[in-house]
Every structure is written in structure tokens, then in C-alpha cells.
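Engineer: So you can see what is in the structure, the chains are spelled out below.
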Amino acid sequence: MATKSKSRNQYKKMTMSPKEYQSFAKTMEPPRSILGNCLKAFVFGGAICVIGQAIQEMFVHLMGMSQEAASNPTVATLILISVILTSLGVYDKIAQWAGAGSAVPVTGFANSMCSAALEHRSEGLVLGVGGNMFKLAGSVIVYGTVAAFFVGIAHLILGTGGQ
Amino acid sequence: MIFFWAFVVGGAICVLGQLMFDVLKLTPAHTMSTLVVIGAIVDGFDLYEPLVKFAGAGATVPITSFGNALVHGALTELHDQGWIGVISGIFKVTSAGISAAIIFSFLAALVVRPKG
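Residue numbers (full-length UniProt numbering), protein chains in the order written: chain A, 1 to 163; chain B, 1 to 116.
Chain B on its own, in the form it takes in the complex:
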């Protein structure tokens, strides 16, 4: 069942992005930035976690979960360390995604010849 909801919720978030492309005529960069901010705000109201429980990867794979993870890190550190946590905690949860993207992209640039 989680697979079904992952498909529906993940697809729905992508449709939201597609509507921003086509209807609002935003560039991909604007769309992505907006979605990240939406994810951050939704988690600010504590609503993203229930969505993850419900849809699994449907909520964690789209870029909105990046905003969610940034806020999550900040709030967890805020809880544990006090006010400085807002700064120090932001990247705590997203480290895996950003590091992996940097490392793999760098290695690819070393090995691969660009096409076209």
C-alpha cells in the first residue's frame, strides 16, 4: 500500500512543479526554490512528518523533503542546544544528500567526457 501512496503523493508533487512550469511560466530554478520553501514551511507547521509516515518515499524523494530536512535539523538542534541550534542544525539531516551529490558529481566530472 505504501508503494501506491508513494506513487500518488510523489506524482502529485511533480504535477505541482509542472503546473508552476506551464501555468505560472516559472524557470526550473524558480520552481525548485519555491518547492523547497514550501517544504520548509510545511515542516514548520509540523505537517511534513505525517506525510512521510503516510507516503514514504513519495514524500522523501521530491525536493520538498529537502526543505523539510533543513527545518527538521534546525528544530532538532534548537530543542537540544538552544538558540544556536537554528544555525548549527540546519544541515545536520541533509548532509547525506548534499555530500552524495557533490562527491558523485565530482567523480563523474573526473571520469566522464561531456556529451554534446
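Just chain A, same shape as in the assembly:
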């Protein structure tokens, strides 16, 4: 018994307390340049929005849609582009550079769905592709829907009744 507790004490000495470990791990983390990352995200995210705007103008001027009606096909086109880039393995490379700049636009939403679908393709079309497609995007849909519900209820209670 005595030896056991002794060895346990030794063992304890060899490991670090969680606090020590955390400060140790922090010294090992690659330095994150927040400003640089933000700049990349700004440029890349802005660029995707400019592309979106260009696609939207195209729908407005070539197909005679109103600005509002054109936003749906615009989003669909961006999603198609994102899915193609994901399938070619390009989008993930961009994402490593652009960080939130590629994740926050709707293209990042499509990327998360498409990459989940591709990743689980080997598990079959139903359980793999069907079951895992919303693995990452699901949280966005769930929280968006719940938030929209509560906002709707708030408007209902306050009697503002929507637009």
C-alpha cells in the first residue's frame, strides 16, 4: 500500500497540473496573427461578396429580374461554384488561407455540406451521404430556425405582426 501511494506521488510529480499544462501548451502554440488573419478574411470574404454582386447584376441585367428576385439564383450559383471547387479539392486549400473569409459566406455553408457528403460517400448513399450531409451545416440550420421562431413569436406577442 505504501509503495503504491509512493509511486502515485511520483507519478503525480511527473505530470503537470492542468494550469501548468495550459501555460505550457500556450508556449507551444503557433503564434496566431489576429490582425493578419482578419485582413485575409476581410479581403477574401469581401471578394466573394463582390463576385456575388456581379452574379446578381448579371441576373438583373441579362434576365430582367428585380434586385430582390435575383438574390435567390445568385445564392444558388455561388453554392454551385462552391460545390464544384470543393469537389476539385480547391476550396479547402483556399479555406486554409482565408479562414473565416471563406467560411462565413454562403459558399462556406455549401462547402461544409459538400465535403461532409463526399467524406462519408464510402459508407453508402443513404447512411453515408444522406445521414452526414448536415453534420456541420445542421447546427446552422437548427440555431437559425430556433432563433427565427423566437423572433417570430416576439413579433406575434408584441403585435407588430411582421412587415
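Please keep in mind that the hints were generated in silico from the structure rather than gathered at the bench. Please read these numbers as outputs of a predicted model, since none were measured by experiment. Don't take each hint at face value.
Calculated pairs, SDA-like style, for lysine to any residue (alpha carbon to alpha carbon, straight line, at most 25 Å) [unchecked claim]:
hint : chain 1 : residue 1 : chain 2 : residue 2
1    : A       : K135      : B       : P28
2    : A       : K93       : B       : A12
3    : A       : K40       : B       : L24
4    : A       : K135      : B       : K25
5    : A       : K135      : B       : V111
6    : B       : K92       : A       : M63
7    : A       : K93       : B       : K25
8    : B       : K53       : A       : E68
9    : A       : K93       : B       : D22
10   : A       : K40       : B       : T27
11   : A       : K93       : A       : K135
12   : A       : K40       : B       : A12
Stretches of chain B that chain A covers, calculated by requiring three or more beta carbons in the stretch to come under 8 Å of a beta carbon on chain A [what the hints assert, rightly or not]:
hint : segment
13   : 9 to 17
14   : 36 to 49
15   : 81 to 88
16   : 94 to 106
Each residue gets a CB set at the ideal place from its N, CA and C atoms; glycine is no exception.
Given the coordinates of chain A, assemble chain B onto it according to the supplied hints.
Structural biologist: Relative to the frame of chain A, chain B by itself:
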């Protein structure tokens, strides 16, 4: 001019996301969910539509517009159909985005062999 503001506003929303990554150390899923909820709340105060008018795709392309569209559908149906609209209207506007993402992703999974 709309291109300029689309760039600035869209970029700014992405910076917000990047700050959540780097400063708050949130995972991408947490960040996206938070942004969607922010978009929904902003539209609840009727402030997202002016932003769309001002910045065009700068406001409609980031994921915040997904929250905005969910609320927009709910409120429009609430206006037209009464209380049940809160439930039935939520996905009315976002259908294009979600359907397109599902269909294209599925087709991609049929055709493409995953890399890596």
C-alpha cells in the same frame, strides 16, 4: 458603388467571424451558428433589410443573411396567415439556398471521388 460597399460590408462580417475564431477561440460551427442567430435578431429589429439595400451581396452572401431570410419568411407568413405563419413560413425564403446546397452536394457525392 454597390460593389465597393458589398466588398466592405461582406468583408467586415467575415472579420467578425475571424475574430470569433481567433479571439474567442470558437469552433467554426459555433461561429456560424452565432452569426446566423445574430442575423435573425438583426432582422427581428427590421435592420437587415436596410443593410441589404445599402450593401447588396455584401449583406446577402454571408451566412447572417440565412438567419435574416428565416426570420423574413416567418414574419411575412405571420403577416399573411396569422400565428401559424411563424412555423409554416420559416423556410419559405431560404428554400433556394438549402435546396441548391442539398442537390448539388448530393450530385457531387455521386460523381466525385473524395480527395485525400
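Engineer: Are the Cα atoms of K40 (chain A) and L24 (chain B) separated by 25 Å or less?
Structural biologist: holds (18 Å)
Engineer: When you check the alpha-carbon spacing of K40 (chain A) and T27 (chain B), does it fall within 25 Å?
Structural biologist: Holds - the C-alpha atoms of T27 (chain B) and K40 (chain A) are around 18 Å apart, at most 25 Å.
Engineer: Given that the segment 9 to 17 of chain B was listed as covered by chain A, double-check it with a C-beta distance under 8 Å for 3 or more residues.
Structural biologist: Coverage by chain A holds here, the residue count being 9 at a Cβ distance below 8 Å.
Engineer: Would the pair K53 (chain B) and E68 (chain A) pass a check requiring their Cα atoms to be no farther apart than 25 Å?
Structural biologist: Since the Cα atoms of K53 (chain B) and E68 (chain A) sit roughly 9 Å apart, the hinted pair holds (cutoff 25 Å).
Engineer: Checking one constraint from the list: CA of K93 (chain A) to CA of K25 (chain B), max 25 Å. Satisfied?
Structural biologist: holds (21 Å)
Engineer: Need the status of pair K93 (chain A), D22 (chain B): alpha-carbon distance at most 25 Å?
Structural biologist: holds (19 Å)
Engineer: Hinted pair, alpha-carbon criterion (25 Å max): K40 (chain A), A12 (chain B). Please report holds or violated.
Structural biologist: Distance of about 11 Å is within 25 Å: holds.
Engineer: Measure nothing beyond the straight line between the CA atoms of K92 (chain B) and M63 (chain A); if it is 25 Å or shorter, mark the hint as holding.
Structural biologist: Distance of about 23 Å is within 25 Å: holds.
Engineer: Check whether three or more residues of the segment 81 to 88 of chain B sit with their beta carbon closer than 8 Å to a beta carbon of chain A.
Structural biologist: Contact hint for the segment 81 to 88 of chain B vs chain A: holds, 4 residues under 8 Å.
Engineer: Closer than 8 Å Cβ to Cβ for three or more residues is the test here. Does the segment 36 to 49 of chain B pass it with chain A?
Structural biologist: This one holds; 8 residues, not fewer than the three required, reach chain A with a Cβ under 8 Å.
Engineer: Check whether the Cα positions of K135 (chain A) and K25 (chain B) lie no farther apart than 25 Å.
Structural biologist: holds (21 Å)
Engineer: Is the coverage entry for the segment 94 to 106 of chain B by chain A consistent with the three-residue Cβ rule at 8 Å?
Structural biologist: holds (count 9)
Going down the numbered hints, you'll see the structure goes against none, and every one checks out.
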